[in-house]
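Number of protein chains: 2
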Amino acid sequence: MVSTVEDAATRCVTLPASPVLKASLKRSLPPPMTLGVSEALPDEIPLDSLKAVLPSLENGQPGHVNGNKSFMLGKNMHGSSLEITEPEHDDEVTGEKDAYMASVLARYRKSLTEKTKYHLGYPYNLDFDYGALSQLQHFSINNLGDPFIESNYGVHSRQFEVGVLDWFARLWELEKDEYWGYITNCGTEGNLHGILVGREVLPDGILYASRDSHYSVFKAARMYRMEAVKVDTLLSGEIDCADLERKLTEGKDKPAILNVNIGTTVKGAVDDLDLILKVLERVGYTEDRFYIHVDGALFGLMMPFVKKGTWDLRYIRKKSLSGEVHEAPKVTFKKPIGSVSVSGHKFIGCPMPCGVQFTRMKHIHCLSRNVEYLASRDATIMGSRNGHAPIFLWYTLNRKGYRGFQKDVQRCLRNAHYLKERLREAKIGVMLNELSSTVVFERPLNEAFILKWQLACQGKIAHAVVMPSVTVEKLDNFVEELIEVRKRAFPDGRVEIPCIVEEVGPLNCACSLHRGSPTFQAVTTPVKGDWRVPAPIKNGKSISGA
Amino acid sequence: MVSTVEDAATRCVTLPASPVLKASLKRSLPPPMTLGVSEALPDEIPLDSLKAVLPSLENGQPGHVNGNKSFMLGKNMHGSSLEITEPEHDDEVTGEKDAYMASVLARYRKSLTEKTKYHLGYPYNLDFDYGALSQLQHFSINNLGDPFIESNYGVHSRQFEVGVLDWFARLWELEKDEYWGYITNCGTEGNLHGILVGREVLPDGILYASRDSHYSVFKAARMYRMEAVKVDTLLSGEIDCADLERKLTEGKDKPAILNVNIGTTVKGAVDDLDLILKVLERVGYTEDRFYIHVDGALFGLMMPFVKKGTWDLRYIRKKSLSGEVHEAPKVTFKKPIGSVSVSGHKFIGCPMPCGVQFTRMKHIHCLSRNVEYLASRDATIMGSRNGHAPIFLWYTLNRKGYRGFQKDVQRCLRNAHYLKERLREAKIGVMLNELSSTVVFERPLNEAFILKWQLACQGKIAHAVVMPSVTVEKLDNFVEELIEVRKRAFPDGRVEIPCIVEEVGPLNCACSLHRGSPTFQAVTTPVKGDWRVPAPIKNGKSISGA
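Residue numbers (our numbering), protein chains in the order written: chain A, 1 to 546; chain B, 1 to 546.
Derived from the structure by calculation, the hints contain no laboratory data. Misleading hints may appear alongside valid ones.
It does not matter which identical chain is meant; a pair holds if it fits inside one copy or across any two.
The list that follows gives simulated cross-link-like pairs (lysine to any residue, SDA-like), each with its CA atoms no further than 25 Å apart [what the hints assert, rightly or not]:
hint, residue 1, residue 2
1, K334, T85
2, K254, E227
3, K400, L105
4, K407, F218
5, K254, Y224
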């Protein structure tokens, strides 16, 4: 019997439960009503995590499988892993090995289908069709070194990669001969590269980044032995420019390397680039004494497609600190920024993680080294690079184009607002930043539910990221199940709503203390046709007919 | 008209030549005999590189497209890139866009088939069949963070990843609860991780690595702001332990972080781990004052499969500095090493670059950070990780097993020896290290030939890496074409063989000064059945019937 929460967290069974496991699962579970989980329980709930979590729900004390507890490192996926066995001598005759592997793969495929169906917590667009590219799967495509310089290895996809980069050059307004970039393995590689370029340009620079920045930003500082300063954030998750100003003033003796978030990981907040530039000017940093890396992992690819001149325009207006309403700052190399990175597997959608890193040609000379072996200079982090990823990106950018992305962004933003309003109606504390499709809400009290919907959690909040693959039906199912689960967690009918005022502010918290606020009341009764309750869009068409 | 070599190098056209390009190529070429290239010219030779290279051949001065010249950075794949265009409004009706993209992909596929056919210079096994896995291509599989700790994102392949890692644990003799590792994006990530772990364990350690180490090793030192010392190499490419001893003695005040190569990039040399350990002991470094990272990118996965008790055993014997013959040092965690990395796309074969990084659990605690967002600790470099790669590796390891790898290694080593002897016969300077399938030889004088066979070059030498996908037929074609190309480069019939004695030593150089050496003479006349001329193996069976 597993007794500690840590152990349970590290022993999750991720394969679809075998018939034996299912049977044992059924045997070990008390009737649903007592348990606080209903028939909505996913098939693949880890047995051990149930054992650890569910009993505590009975006491009204939600257990946290992956809360603030620390993990036992390296323990212990071994039990659930798929062991590799030596083929038998007669395998080719009997076909036993092939049969075994086919069965493993079929089960795995089924499990992925299920997991994909319920996924809501991570900003990955799971809706893509790359069937046309399956003909390339059996080539070992490797874009060694610099994308712009031919290496001797011929099985590459540089022509696709550079096509993709040129597209981003137009988007971010940098001339073809003034930019340098490459397709990375993920958003983290973009951040690692951008910050490294910053450090090479300003070797004694101090890294400034908000505490809501992606963890890879601070990881970079540690890897690169840079001095790093954490800057406070506003409730929205946006960098607190007052605190930034204070800290920049303190560190004024040294140059500044800044990480600016276009969409923070947890709250989807957009740092105000223009305001940051003003702060730098005010404190007295000239352009040769700062370097800005823009981490646009998710929204870097959404913000440019918010359609102007329509309903959606309102979402690119935002309030500055002074309360003044202005346009959201545009990401462009016409401003003094050094690099931008975005993820490719997030908004665009891709079978494997990838991203785009983009910087000025003049900066890259600091990093580059002439590596004759590859007949190429290597200014990338990784050297060998997945040549399939650029083809996936090239394919989607070509097929969707600006108009396709505009449609996708519009649908995501509308549906995110729809989700927000449905949660408000249900008296669940919820926050949605403008320009964002990341809906932040109270962390559900049921870990099985969190695992089923694969919600990303931090402290008392969780989030759902509304990507193009998220439909209104999915959101409806999610909300209904969440309401049901919450009801069952409090069998006496008195639902205790947790206070998340510190995370989302009084206007968004639904606890007994804050839900009385006039603002919260106002929006719990949706007004049809009002912009606060935009009609959800289903497959590009508003389901209300609007 | 492109006139400089640098420009040519950076303007290679990598797509299959269009009919127009082919016609213009034909028009612009003088008859083959004058040119020094024959009908063996590949279809896709870059037009500009021909213009720049071939005329110089006419003067008997070979041009170097990618020799010691430095490159114009970031210039200029733009011309040959595949531009992304906005879809037309009526694309869905006319099917124009689909037709365009299908044609691009079909041409690209054809070009990859050709490139794959002639590839010889990089250590990638291009022979794999992952048809059974194509059913998984449409899932966005991402192994976020630590492989051993379940993240909330459900669409992952940790169970495969850990299965693969457990297999390596058996190979490298470390207990399941004592190791930590993950599937990386490439060999470079393994080196970056291993050296980072070393630095975290010994923060003021000096990095020692031979000058033949992969460039990522010195890149790591620069990224991590570590003091780094380059150690000399022997002619074989192996680290010079006498020089290492001198340098370790000089730096004795600080701990040592050592990179040990199991197969150097250019010459395929294996550093002598046991001798290095002896040197460390002699200089007085105790185990708490050094950290060894083993870069086994290619041979790390071949050496363990050299079959004992057979013909091949001779190849795992090697001479030490003192001239004494002993067994090649085995890579195992029973020795005081800190980490090992290998590439997955090299000997195993994989559609995209990947690798395995492996270290001791006790070391990884230094690196790890508790990142709640992922419900995981992140001790990896990349965070988001390609979830398809572990499945590819799992699939091959399961199907081939130890026996399959043994067969592959045996074939590669035999065929590498076959290539070496064929080149010797042709009076071409050539070197092949024991334990290695990397055949080093005089850099061919024809850049078109180098590009066709995708040879990796350094200074006056080139190499071919005999992988499981390299057949005897391919080697025969290669040698015949090389002989032909060399003959044509010297129309008067007097072939001038370049001296590469500094690169490969007097026993292996075929220039007029050195080819008279008794050793060179002895092996130019192959003796059937002698171990120096092993019968080549074709599809696992010796073609001589031996």
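Hints, one by one, checked against the model:
1. K334 / T85: Result: close only across copies, 23 Å inter versus 57 Å intra.
2. K254 / E227: For K254 and E227, the Cα distance is within 25 Å both inside one copy (10 Å) and across copies (23 Å).
3. K400 / L105: between (32 Å within a copy, 17 Å between copies)
4. K407 / F218: The answer is neither: 35 Å in one copy and 46 Å across copies each exceed 25 Å.
5. K254 / Y224: Classified as both; 17 Å inside a copy, 20 Å across copies.
This entry does not satisfy hint 4, going by the numbered hints stated previously; all others are met.
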